[in-house]
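Novice: Now for the letters of each chain:
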Amino acid sequence: MKKFLIACLLFSATVFAQDDESSKKGPVSAKKNEFRVDALSLIAFGKANISYERFGDGKWSYGVTGSFAFGDKFENDFDEGYRSTLPKYEVVPYIRYKMSNSDAHYYFIEGFISANGGDFREITRTDDGTVGFYQISKEDYFSLAPGASVGYKVYFADSIALEFLVGAGFNILDPDKSPDVISRIGLNLGYRF
Amino acid sequence: MKKLRYFALGIAALLISSCDDEDGFYNEKYVDAVNLVEIAAEPDYAVGDYIYVTADISRYLAEPGFDTPLDIYLTTNGARGFVFSYILEKETSAGVWQSVNSTEETMIINAGTVQAGPYVLATAAYNAANERYQFNAGIPLATAGNYRLSFGVNSDATNEIELRSRTQGNNLFLNIISDTNQLNNQGYYTFTVN
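Line by line, the protein sequences are chains A and B. First residue of the first sequence? That's 1 in my numbering, and the numbers climb one at a time after it. First residue of the second sequence? That's 1001 in my numbering, and the numbers climb one at a time after it.
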């Protein structure tokens, strides 16, 4: 996992070496829509993470990310008691601001609200009037987490997007059951059209 | 390049901070009890005697703070036993203690099972007939001298013994912290074999 991240970062270093001025204006800005898939979540966390982004004429863009878990890892950890929550789905509307003039590669910041839900488990004592016993109780949770991220995006062949994204939000609903922190980390591959 | 470093730092920081701070063992439950394990203390010990340790635990355990007893068998979904450990040491010279090696063959095992060596890993086994978890075993005292017995290998606890359920699958692990008044304030039961 570490090697994978380092390799991606090194790869991005070669991209940084490009001439900034030559890529400020280009056909990328004419394309207003983009779909992305998060390779990092797919490989590392067993989560399908698909995003859509709509670009305006200026530096603002907006979009939505949909995510759901399909891998066994989190579920096994949950069943074996290594975690108290099992996130199952997440819908993240976001708005972004481009930090530079270039369309070919740029940093951005974003604000988002994550609507997320899943399973929560706790140990409860049940009393049948004669004896008591402890058992594992499972319940659903749903929460909203406002948060912020920073990221870097670069385009190849004016259409292929590679995007790094890191951010975090804090759940404000159902705080006893939902995870405290929602992370938004991604290595997205996308297509802009 | 500086920006790249900041970005990498940001990723690392977030990966660390995004770890769920609630991570832990959510299949573990701890409860308190008193005197579940006892040393069969004798007024005198002679070479050839045995030092016995006993656990006789009802399936229904009084639990502080609750009116009804705790069903530890049901809680663990039928755990076949509860495990605890103890170690017997002999004073080889003034203030120097060495563990007494035991084997399953040299020990007398009346109830439960052991894995013996420099210390004893004891299992109080469930007896469905009387609905109790039971252990009783003795270590031979082969030579004269000063001995001491303590519970929990590398444990700092001086007046409590921890028993852990032999739970199967993803069911609850029940840890019973049992107070004892048989140990001195260093956590030892000391005795002399003549």
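Hints should not be assumed to be uniformly reliable.
To be verified - Derived list of chain A stretches under chain B, where covered just means 3 residues or more per stretch with a C-beta under 8 Å from a C-beta of chain B: (1) 82-89; (2) 118-127; (3) 132-145.
Simulated from the structure, these hints should not be mistaken for laboratory data. These numbers were taken from a predicted model, which means no experiment stands behind them. By construction, the Cβ of each residue, glycine as well, lies at the ideal position given by its N, Cα and C atoms.
Novice: Need the list of violated hint numbers for this structure, in ascending order.
Specialist: none
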